[in-house]
Amino acid sequence: MSSIRSITAATLVKDIRLEWRSRDAINSMLFFSLLVVVIFSFSFDPNAEESRQIAGGLIWVAFLFAAVVALNQTWARELRNQVLDAYRVSPAPASALFIAKALGNFILVSLLEALMAPLFVIFYNLRALGPAWQLIPVAILGTWALVVNGTFFAAMSIRTRSREIMLPLLLFPISIPAVQSMVEATRVILTGDASARFWIVLLLTYDVVFTTACLALFDTILQAE
Amino acid sequence: MTDANISPSLPLIAVRRLIKQFGRFAALRGVTADFDAGKFHVILGDNGAGKTTLLRALAGLAHPTRGTISILGKNPQAACREIGYMAHSSLLYDEMSGMENLRYFARLYDIAGDERCEYVIRSVALDPKLSRPVGKYSQGMRQRISLARAILHDPQILLLDEPFSNVDINSARDIVSLLKAMRDSGKTIFLVTHQASLLQGAGDEFIWMQTGQIVDRTSDLLRDGMRGEGT
Chain W
1 MSSIRSITAA
11 TLVKDIRLEW
21 RSRDAINSML
31 FFSLLVVVIF
41 SFSFDPNAEE
51 SRQIAGGLIW
61 VAFLFAAVVA
71 LNQTWARELR
81 NQVLDAYRVS
91 PAPASALFIA
101 KALGNFILVS
111 LLEALMAPLF
121 VIFYNLRALG
131 PAWQLIPVAI
141 LGTWALVVNG
151 TFFAAMSIRT
161 RSREIMLPLL
171 LFPISIPAVQ
181 SMVEATRVIL
191 TGDASARFWI
201 VLLLTYDVVF
211 TTACLALFDT
221 ILQAE
Chain D
1001 MTDANISPSL
1011 PLIAVRRLIK
1021 QFGRFAALRG
1031 VTADFDAGKF
1041 HVILGDNGAG
1051 KTTLLRALAG
1061 LAHPTRGTIS
1071 ILGKNPQAAC
1081 REIGYMAHSS
1091 LLYDEMSGME
1101 NLRYFARLYD
1111 IAGDERCEYV
1121 IRSVALDPKL
1131 SRPVGKYSQG
1141 MRQRISLARA
1151 ILHDPQILLL
1161 DEPFSNVDIN
1171 SARDIVSLLK
1181 AMRDSGKTIF
1191 LVTHQASLLQ
1201 GAGDEFIWMQ
1211 TGQIVDRTSD
1221 LLRDGMRGEG
1231 T
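Read top to bottom, the protein sequences are chains W and D. All residue numbers for the first sequence refer to our numbering, where the first residue is 1 and numbers rise by one. All residue numbers for the second sequence refer to our numbering, where the first residue is 1001 and numbers rise by one.
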């Protein structure tokens, strides 16, 4: 167990160091999200009530699309110089690599959300009428739902020729329940119409099921030729 | 000659009727061979002969379509702590220094501290304090640090794919000397190369491959007077 923990920590630190030096993923994600915020704010001119209705969908779809950029980068750097083979020939467990990659993506996407959320609030004049603190568990569970499946499907598609198209094709359909939960939870919190409890529990269940499934199947994906 | 030189004692590596297919193409076609411990095996053959596929199969990276590989009585994945693998690519992160790379790979083998990393970097005649990222190393330095990564966990078996490619003659001779010293200390080495002449006098056995099969095993580089440099 301590070995899994130390390998996970070492892989996570290594990935953060590589991202810090290249800034490939974070720059692309920030630029993309910024474009979405600005273009949509000029395209629509919603009043405060309309903003509360549409903001959930807008925010989460922007983060989902931006996350795909980071998810593709995660494994692309493992393919350069075939570094993934060095992991495959080592006794290190596949689960440690998967958890580290998912955590790395979670940190990146969370950072993006922390930077972009204030811009969404300003551009769309957002003010929650429901319990705003509930947006925190929605963001945490929702982000994990995106990155855990995204990390898994990105690993699955790395050896395909058109992996940048393949990832959204695999990821988006399976993320529909999670995205719907995130959007609905955000909407009911912003409008104060109802409780977000059902959607938060649904997100939690989704996270548990898919994290377990991804962990169980990742070794097969890693060892595939 | 696929059933070559079967040792009466338990071999270190036993390969039986190994077939590896990629779609319809068979890269290995029923390879059967035993390999003894403490020997320097040089694998030779033309492009597409199956050398790299055999090495990847021994490393556990290419799963046999049919047949078996036994390393110390285990399958390659189970024997991974005894195997060091150096591929044609560097298997290193270009953005990190040699020491940073080795520190990371050391963790995968539960090796704590920097002592072992520094030792293997020095053993390939590089400086552990070199802070330049590996991407900015010369090709020779990259091959050396790649070799350092392969020997980091002190494996019994070393699988080396083209370690001399793009390396100048002096660096290549240095690598051969290092490998000879490792063989003398009891390691078993498998080396795939097209520069066989560098290993004249160093290799214990020359394994000749052709169209996915081992066609000959000789103790000398000259085979029926037919082959030599550039094979």
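If you're looking for bench data, these hints aren't it; they were derived computationally from the structure. Hints should not be assumed to be uniformly reliable.
Covered, in the sense of this in silico footprint (three residues per stretch, anywhere, with C-beta under 8 Å from a C-beta of chain D), are these stretches of chain W [what the hints assert, rightly or not]: (1) 32-40; (2) 102-115; (3) 157-167.
Chain D residues, not near chain W, derived (Cβ > 10 Å throughout) [what the hints assert, rightly or not]: (4) Pro1011; (5) Ala1014; (6) Asp1046; (7) Gly1060; (8) Ser1089; (9) Arg1107; (10) Ser1138; (11) Met1141; (12) Ala1172; (13) Lys1187.
Given the structure is predicted, the values throughout are model-derived calculations rather than measurements. All C-beta atoms, glycine included, are put in the ideal place defined by N, C-alpha and C.
Going through the hints against the structure:
1. 32-40: Coverage by chain D is violated for the region 32-40 of chain W (0 residues, Cβ < 8 Å).
2. 102-115: This one is violated; 0 residues, fewer than the three required, reach chain D with a Cβ under 8 Å.
3. 157-167: violated (count 0)
4. Pro1011: 21 Å, holds
5. Ala1014: Ala1014/D is indeed farther than 10 Å from all Cβ atoms of chain W, at 20 Å.
6. Asp1046: Asp1046/D is indeed farther than 10 Å from all Cβ atoms of chain W, at 23 Å.
7. Gly1060: Violated, since 6 Å does not exceed 10 Å.
8. Ser1089: Violated, since 4 Å does not exceed 10 Å.
9. Arg1107: Given a closest Cβ separation of 4 Å, the condition is violated.
10. Ser1138: 15 Å, holds
11. Met1141: Check passes; 14 Å lies beyond 10 Å.
12. Ala1172: 21 Å, holds
13. Lys1187: Nearest chain W Cβ is 16 Å from Lys1187/D, so the label holds.
The earlier numbered hints that this structure contradicts are 1, 2, 3, 7, 8 and 9.
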